[in-house]
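Chemist: Sequence:
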Amino acid sequence: MIVELNGLPGVGKFTIARVLAESLGARLVDNHTIYNPAFASTSFRSPEFYETVCAVRTITFGNLEKLPAGVPLVLTIAPGMDLAWGRDWQAAIKQLAKRRDAALLGVHLHCSRQERVRRMSTPSRALLGKLIDPSMTDDELQRPVLLDHCDRVLELDVTALDASGAADEILDWLNCQPGMTAPHP
1 MIVELNGLPG VGKFTIARVL AESLGARLVD NHTIYNPAFA STSFRSPEFY ETVCAVRTIT
61 FGNLEKLPAG VPLVLTIAPG MDLAWGRDWQ AAIKQLAKRR DAALLGVHLH CSRQERVRRM
121 STPSRALLGK LIDPSMTDDE LQRPVLLDHC DRVLELDVTA LDASGAADEI LDWLNCQPGM
181 TAPHP
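Residue numbers (the working numbering): 1 to 185.
Heads up, none of these hints are tricks.
Here are the in silico distance ranges between beta carbons for each label pair:
hint, residue 1, residue 2, range
1, T60, S124, 19 to 29 Å
2, T122, E51, 30 to 40 Å
3, K66, P178, 23 to 33 Å
4, R113, L67, 32 to 42 Å
5, D151, D88, 13 to 23 Å
6, D157, Y50, 26 to 36 Å
7, P68, R113, 37 to 47 Å
8, N175, Y50, 32 to 42 Å
9, T60, P144, 21 to 31 Å
10, S124, G80, 19 to 29 Å
11, G70, F49, 31 to 41 Å
Just so you know, these hints were derived from the structure itself, not from any lab.
These numbers were taken from a predicted model, which means no experiment stands behind them.
By construction, the Cβ of each residue, glycine as well, lies at the ideal position given by its N, Cα and C atoms.
Sequences and hints are given; from them, build the entire structure.
Modeler: Structure follows, in structure tokens:
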């Protein structure tokens, strides 16, 4: 099983993914795992930036393909403005699921703008190389959340949920999926 958490910066993808991955005994690949080498070594949105992201993703996904089939994966991804880039990510994730012969389950995490702004102001975000300027996501309605490549999708408003509560909601949903049994704390 691959669980893809998709949502705007500040919604809590990484924090929720850590709790979820621990509950599932899953490997976690946060989008920053793949993007940070490009942020550190190239100019954002330059051709070298995209080349670096693609190279790191190829290596990472290649290694994930080799893991035993029973090892669940939790991936995080944030929607961007570039639809072609988003479709490229979709294709790579779908190919990973196909090669692992794994169900691909998408979760769209969303919350109120006010709550996202509050979450983005936490000091730990900057230390993790995450976006801390809420105005950078004011275009949220123009950022398509692409989960149409997934076998099934859950829409989850996490405005009033902490990470454990959100992970519990996802685990409950996973347990309702045909052929799925996810551990529950």
